[in-house]
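Asks: Required output: the full structure, derived from the provided sequences and hints.
The listed protein sequences correspond, in order, to chains A and B.
The letter at position 84 of the first sequence is residue 84 when you use our numbering, and the numbering goes up by one with no holes.
Positions in the second sequence are counted from 1; adding 99 to them yields our numbering.
A few of these clues could be false.
Unchecked claim - Here are the simulated DSS-like pairs of lysine-lysine, each with C-alpha atoms no more than 30 angstroms apart in a straight line:
#, chain 1, residue 1, chain 2, residue 2
1, B, 212, A, 94
2, B, 212, A, 59
3, B, 255, B, 236
4, A, 94, A, 54
5, B, 212, A, 54
What the hints assert, rightly or not - These stretches of chain A come out as covered by chain B in the derived footprint (C-beta under 8 angstroms, 3 or more residues):
#, stretch
6, 13-22
7, 70-76
8, 89-95
Claimed, not checked - Derived DEER-like restraints, expressed as beta-carbon distance ranges:
#, chain 1, residue 1, chain 2, residue 2, range
9, A, 15, B, 414, 34 to 44 angstroms
10, A, 77, B, 386, 35 to 45 angstroms
11, A, 29, B, 141, 58 to 68 angstroms
12, B, 459, A, 24, 29 to 39 angstroms
Don't read these hints as lab results, they were simulated from the structure.
This one's a predicted model, so the numbers in the text were calculated from it and none came from an experiment.
Beta carbons: idealized from backbone N, C-alpha and C, even for Gly.
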Amino acid sequence: MMADEPAYAPLDPDVRPRLPRGARLAHNEAQGGWVLLAPERVFKADVIAVEIIKRCDGKATLCEIVDDLAEAYSAPRERILADVTALLRGLAEKRLLEL
Amino acid sequence: MTVHDTQMQALPRVAPLARPLGMLAELTHRCPLGCPYCSNPLELDSRQGELDTATWVRVFEEAGALGVLQVHLSGGEPAARRDLLDITAAARGAGLYTNLITSGVGIDLRRLKALADAGLDHVQISIQDSVPASADKIAGYEGAFARKSALAADVKALGLPLTVNAVIHRANIDRIGDLVTMALAMGASRVEIAHVQYYGWALRNRAALMPRRDQVERAVSVVEELRRRHRGAIVIDSVVPDYHARFPKPCVGGWGQRSLNVTPTGKVLPCHAAETIPGLEFWSVRDHSLTDIWTSSPAFTAFRGTDYLPDPCKSCERREIDFGGCRCQAFALTGDARATDPVCHLSPHHAEVRALAEAEEDADYIYRRQRAGG
Chain A
1 MMADEPAYAP
11 LDPDVRPRLP
21 RGARLAHNEA
31 QGGWVLLAPE
41 RVFKADVIAV
51 EIIKRCDGKA
61 TLCEIVDDLA
71 EAYSAPRERI
81 LADVTALLRG
91 LAEKRLLEL
Chain B
100 MTVHDTQMQA
110 LPRVAPLARP
120 LGMLAELTHR
130 CPLGCPYCSN
140 PLELDSRQGE
150 LDTATWVRVF
160 EEAGALGVLQ
170 VHLSGGEPAA
180 RRDLLDITAA
190 ARGAGLYTNL
200 ITSGVGIDLR
210 RLKALADAGL
220 DHVQISIQDS
230 VPASADKIAG
240 YEGAFARKSA
250 LAADVKALGL
260 PLTVNAVIHR
270 ANIDRIGDLV
280 TMALAMGASR
290 VEIAHVQYYG
300 WALRNRAALM
310 PRRDQVERAV
320 SVVEELRRRH
330 RGAIVIDSVV
340 PDYHARFPKP
350 CVGGWGQRSL
360 NVTPTGKVLP
370 CHAAETIPGL
380 EFWSVRDHSL
390 TDIWTSSPAF
400 TAFRGTDYLP
410 DPCKSCERRE
420 IDFGGCRCQA
430 FALTGDARAT
440 DPVCHLSPHH
450 AEVRALAEAE
460 EDADYIYRRQ
470 RAGG
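Replies: In structure tokens:
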């Protein structure tokens, strides 16, 4: 599903991503699911984004997050790494993630 | 797998009616500052009529159930409420992203820390100019700039995210670059370059605030350049100076589509200026649930959708983009709230807006003040 997206520069596998203070996931029944909340912004987060973001706790390394997701979803590691990198880079650029 | 970089439209609608994403909670109209561009109404609510703590707690719970994701604790100056801590805790407890919009006057480090501990998510401080003397003059409050700067430092010391809000007008429009530099130095992750919108006190001070066209054109390119230069370091959001525009701004993302506003006394408005439109019936949280008000109150249903719009809007391909512009501005400038917002170059009244945009005078500000006894 990332076929049309630009390639992202690889990240250090030992980086420990985390949400900064002021950005957090929330579940709202009336809005139909998970959202990432930040100053004056709301982002709809789909299931996979939620699974990635939940693991960005400042403790797990990128390498561990990707291993964990690859196992949980029985998906090719390369593909997971590409998806995670794209999401994390995109979030970091919006200042919604600390790398 | 994406986090959609969009506003609310990307959210699935579980009911035919859209659900609000944001709520402006005007806790009080009391404010130590006197900014001449204030969007509060000329007739300010008095302290005696303000909602009590328990009612706000209920409103936040109803807001979360309705789908509201973010609440902006505003005013007036929200710190003028002694129960701000309880109110903040209740908003966060209801699952809402809690944003404090403050003048910076009335909150010391101890109080801020208590708010942070209660779950406050974000702080927005208004700063009137990058030059202290000018900032204090605009605010009508000596020493305001120093107090705001001190609060900004406290916000960062506590690790809270900070937005600097700079309202832009003729007196400071040539210092947008300095304002962004100041916001960066304060540690803000976001800065709002918000050109004055002419409602309430700002409408009254329009000629004293209106920037010249050459200033506006320069400001637009300055913001673009600043965005490029500071990409990844600070988010620069801008509110456009619409009197100088060709197309109108989308009326609060569509009337009764994305947000609601609760006044200090409990009236629920589709936008903060809606009371300027005569004949609208607003319901109060004292008498109705927020869901009932959102769904059925006459003020919310009055301009929902685009069916009521006249030509040129009716057949315009932008009608779902800007909804014919702002209803309050249409009324303020044409006397008809259903008219095309005359900011639009297709409006038959557009020439009048152009003339107003050229009309400036070096009048003294009429500072926002509450009536005695208020």
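Asks: Hint by hint, work out which the structure violates, then give me just those numbers in ascending order.
Replies: The structure conflicts with hints 7, 9, 10, 11, 12, although it agrees with all the remaining ones.
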